[in-house]
Amino acid sequence: MEILRPASVYALVQGPVLAAMLALIAIEALLLILVFRRRYDAGETAASLGVALGNIAVRPLNRLIITAGLSAVAVFAPWQLPIDSVWTWLFGFVGVEFCYYWMHRFAHTVRWMWTTHSVHHSSGRFTLATALRLGWTSGLSGEWLVFAPLVLIGFPPVVIAVLLALNLLYQFFLHTELSPRWSVVDYILNTPAHQVSAQAEECVNYGMPPEHKYCSSSGN
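Residue 34 is where the sequence shown starts when you use our numbering, and the numbers rise one by one after that.
Read the hints as simulated data drawn from the structure, not as lab findings.
Worth double-checking, as some hints may not be accurate.
The calculated label-pair distances, taken between Cβ atoms and stated as ranges, are [stated by the list, open to error]:
#: 1; residue 1: Leu201; residue 2: Val119; range: 29 to 37 Å
#: 2; residue 1: Leu202; residue 2: Ser104; range: 17 to 25 Å
#: 3; residue 1: Leu94; residue 2: Trp120; range: 29 to 37 Å
#: 4; residue 1: Pro111; residue 2: Ala53; range: 23 to 31 Å
#: 5; residue 1: Leu199; residue 2: Phe109; range: 24 to 32 Å
Yeah, the Cβ is synthetic: ideal placement off N, Cα and C, and Gly gets one too.
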């Protein structure tokens, strides 16, 4: 039985990739200041990086919870799809995207999940650094339960983990106001244009006092 091995999965966004992210954050800051003559809030960026460091610190605990949970579900799967089949990955991609959509909706409407996801919406700026502002309690808030049905119908947990890691990596590039529109792609995929418009227009309140509003979007 293939089990989730988070250490190997999250290695995808560590090392050179993490260094590239930090470099892009610095480039975005320089562009905003020198080219677009906008105010860049270094304090917000520092806060986002601080949240990211905290997320890295507690990640082993979250991995343990998610690994144990999905591995327990995998025991009840009547079969397991071959990990070396391209169809497993293609259908897994569709399944993960579908589940991620619902996970994100639940993260905005289920208060227990919102306790984790609200951290991502706590910044007053919309920059690449914001993409790294992720909550520390993903294992406890149960967002991963939304993906359990995929494991139950035979998708190896490691396939789901890899596809989720790639999903989050892609979303890093969506968190910027500097990207131009992507033409036809804007009608098919989640793009920076969607993120910016959602942040600006879909400010809503989720069980909080009226003065506390958070902005939601389909894939943020």
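Right, here's what the structure says about each hint:
1. Leu201 with Val119: 29 to 37 Å: violated (22 Å)
2. Leu202 with Ser104: 17 to 25 Å: The hinted range 17 to 25 Å holds for Leu202 and Ser104, with Cβ atoms some 24 Å apart.
3. Leu94 with Trp120: 29 to 37 Å: holds (34 Å)
4. Pro111 with Ala53: 23 to 31 Å: violated (41 Å)
5. Leu199 with Phe109: 24 to 32 Å: holds (27 Å)
Hint check: violations occur at hints 1, 4; the rest are consistent with the structure.
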